[in-house]
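Novice: The task is simple: from the sequences and hints, build the whole structure.
For the record, the sequence lines run as chains D and G.
So for the first sequence, my numbering puts the first residue at 2; every next one is plus one.
So for the second sequence, my numbering puts the first residue at 2; every next one is plus one.
Just so you know, the hints here were simulated from the structure itself, not pulled from any lab data.
It cannot be assumed that every hint is accurate.
As the list claims (entries may be wrong) - Okay, the calculated bits of chain G under chain D, using three or more residues with CB under 8 Å as the criterion:
#	segment
1	67-78
2	105-112
3	116-123
4	164-171
5	243-251
6	287-296
7	316-325
Just so you know, even glycine gets a beta-carbon here, dropped at the ideal spot from N, CA and C.
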Amino acid sequence: MPQYRRADRIHQMLENYLPVLIFIAVGLVFGAFMVVLGMILSPSRPDDEKLSRYECGFEAFAGARSEFDVRFYLVAILFIIFDLEIAFLFPWATVLRELGLFGLLSMTLFLAILVVGFIYEWKKGALQWE
Amino acid sequence: MVESILSLLTLLGFPDWLQSVIIIMLKIVVILIPLLTAVAYFTLAERKVIAYMHVRIGPNRVGPRGLLQPIADAVKLMFKEIIIPHGADKALFLFAPVLSMAPALAAWAVIPFEAEMVLAQVDASLLYILALTSMGVYGVIIAGWASNSKYALLGAMRSAAQIVSYEIAMGFALVGVLMAAGSINLGEIVMGQQGGFWHWYWLPLFPLFVIYFISGVAETNRAPFDVAEGESEIVAGFHVDYSGMAFAVFFLAEYANMILVAMLAALMFLGGWLSPFEGIGIFADSWLAAPSILWLLVKTSLFMFLYLWFRATFPRYRYDQIMRLGWKVFIPITIVWILVIGVAIVAEVGPWFAAGVAHG
Chain D
2 MPQYRRADRI
12 HQMLENYLPV
22 LIFIAVGLVF
32 GAFMVVLGMI
42 LSPSRPDDEK
52 LSRYECGFEA
62 FAGARSEFDV
72 RFYLVAILFI
82 IFDLEIAFLF
92 PWATVLRELG
102 LFGLLSMTLF
112 LAILVVGFIY
122 EWKKGALQWE
Chain G
2 MVESILSLLT
12 LLGFPDWLQS
22 VIIIMLKIVV
32 ILIPLLTAVA
42 YFTLAERKVI
52 AYMHVRIGPN
62 RVGPRGLLQP
72 IADAVKLMFK
82 EIIIPHGADK
92 ALFLFAPVLS
102 MAPALAAWAV
112 IPFEAEMVLA
122 QVDASLLYIL
132 ALTSMGVYGV
142 IIAGWASNSK
152 YALLGAMRSA
162 AQIVSYEIAM
172 GFALVGVLMA
182 AGSINLGEIV
192 MGQQGGFWHW
202 YWLPLFPLFV
212 IYFISGVAET
222 NRAPFDVAEG
232 ESEIVAGFHV
242 DYSGMAFAVF
252 FLAEYANMIL
262 VAMLAALMFL
272 GGWLSPFEGI
282 GIFADSWLAA
292 PSILWLLVKT
302 SLFMFLYLWF
312 RATFPRYRYD
322 QIMRLGWKVF
332 IPITIVWILV
342 IGVAIVAEVG
352 PWFAAGVAHG
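Specialist: Set out below in structure tokens:
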């Protein structure tokens with residue numbers, strides 16, 4: 002019997018998420034619909050000058066997909082680390098009241114380790130833009 | 002009302018599953034129509050408010066007092082040619098606006114407008130919103146890359162780096178809210194703030210409240226953090242090569258996101274649909290003290306107005322200043338404040354964290 006109840010619960014949960022799924026689909030369809038509508042209604046009279054890529058009136062002289070600053074990668078990597086920490090904090094934050102002092106102290110330790118890493122990044126200049 | 006529609010559908014012989022899908026679709030329409038109207042008139046309000054702040058009149062030609070301006074804009078954009086530049090990745094170029102639009106709309110699925118007025122009563126609603134708003138950055142990156150233009154690529158890189166940087170500060174601010182409320186469900190977060198103006202989370206979480214909203218402004222690439230589309234530097238940033246409806250979709254998504262951030266700020270820090278007069282003797286029995294969707298809308302409008310006020314007031318930040326603010330100011334403050342709240346919760350500091358008040 003417990004198994005039935007568990008299945009029921011999962012069923013209930015999925016039912017709660019059904020509107021979310023439909024809403025995402027509606028969002029995608031709505032966006033696509035707008036773009037398609039624009040393409041149908043608008044004229045299409047392309048010429049070479051119009052289609053040339055925008056560069057403030059200059060003739061474009063180099064490939065657009067050039068290399069870019071490595072710091073953007075660095076930011077992305079740091080972001081992944083910190084975002085993971087936030088994902089770890091979420092469940093802890095919701096049950097902190099039940100965990101009490103023990104929960105608080107263990108998370109303080111966890112945050113302390115995070116902060117050590119953060120200070121290291123700071124001192125290494127990873128957060129520096131000039 | 003839902004019951005009468007359901008019985009009508011049963012009369013017409015629709016199967017059960019189709020009935021529930023139709024009901025859900027109707028509810029989505031009921032959310033989307035006011036939302037899109039709000040987006041349209043938010044653009045007009047922006048122009049009007051900024052105009053008056055500059056001692057100008059603003060748009061006043063189309064319709065009475067310029068009230069039909071958004072409609073005229075929409076019609077104009079609809080008939081503008083969608084230019085797909087040489088060397089652009091055509092499929093991605095057209096897919097990018099859709100990808101930024103879908104999450105901006107779909108996030109509204111879990112927003113509670115009143116105690117029971119929510120499309121999807123999902124327990125992890127805040128997590129879902131965090132996940133969806135992060136999706137928006139894909140639209141920006143893909144648009145910038147697919148355009149095959151230097152300005153677009155640079156704008157996309159800047160914008161993406163800025164969005165992810167401020168998302169960390171925003172995430173930490175959300176963790177503070179979760180700790181205070183003891184729940185990830187937005188409805189329960191609002192109900193945790195019952196008891197009047199001084200019980201709302203803006204007071205105990207004040208630094209997080211400020212950081213949340215500023216991060217929200219940075220995350221939607223609005224002034225004064227709009228370097229991604231700084232006109233004087235890289236023209237319009239990632240959507241410089243977009244025109245017509247493809248551009249309009251980006252525009253709509255940005256404004257829908259702004260309203261979303263404003264409403265989330267109202268829900269999480271200003272008590273959502275709860276009345277500011279709650280618990281004050283002379284108002285006790287009047288409608289003023291009753292929770293209502295009107296309060297939520299008033300509070301949301303307040304934040305929406307702040308967006309416009311910021312834009313009219315502050316000069317644009319430099320890019321290195323933006324990154325410094327996000328990483329070196331906001332993240333340390335949020336980490337410290339999370340610990341402060343943790344101590345306050347364990348010590349049961351009232352009235353917000355006293356043992357009986359909260360649930361969870």
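Novice: Look at each hint and say if it fits the structure.
Specialist: Taking the hints in turn, this is what the structure says about them:
Closer than 8 Å: that is the beta-carbon criterion, and the segment 67-78 of chain G has 1 residues meeting it against chain D, so the requirement of 3 is violated. Coverage of the segment 105-112 of chain G by chain D holds. Counting CB-CB distances below 8 Å, 6 residues qualify, and the rule asks for three or more. Evaluation of the coverage hint for the segment 116-123 of chain G: fulfilled, as 4 residues show C-beta separations to chain D shorter than 8 Å, against a requirement of three. With a cut-off of 8 Å between beta carbons, the segment 164-171 of chain G has 4 residues touching chain D; three or more are needed, and the interface restraint holds.
Closer than 8 Å: that is the beta-carbon criterion, and the segment 243-251 of chain G has 5 residues meeting it against chain D, so the requirement of 3 holds. Proximity of the segment 287-296 of chain G to chain D, defined as three or more residues with a beta carbon under 8 Å from a beta carbon of that chain, is not established by the 0 residues found. For the segment 316-325 of chain G, the stated coverage by chain D holds: 4 residues have a C-beta nearer than 8 Å to a C-beta of that chain, and at least 3 were required.
The structure fails to meet hints 1, 6 from the earlier list, while all remaining hints are met.
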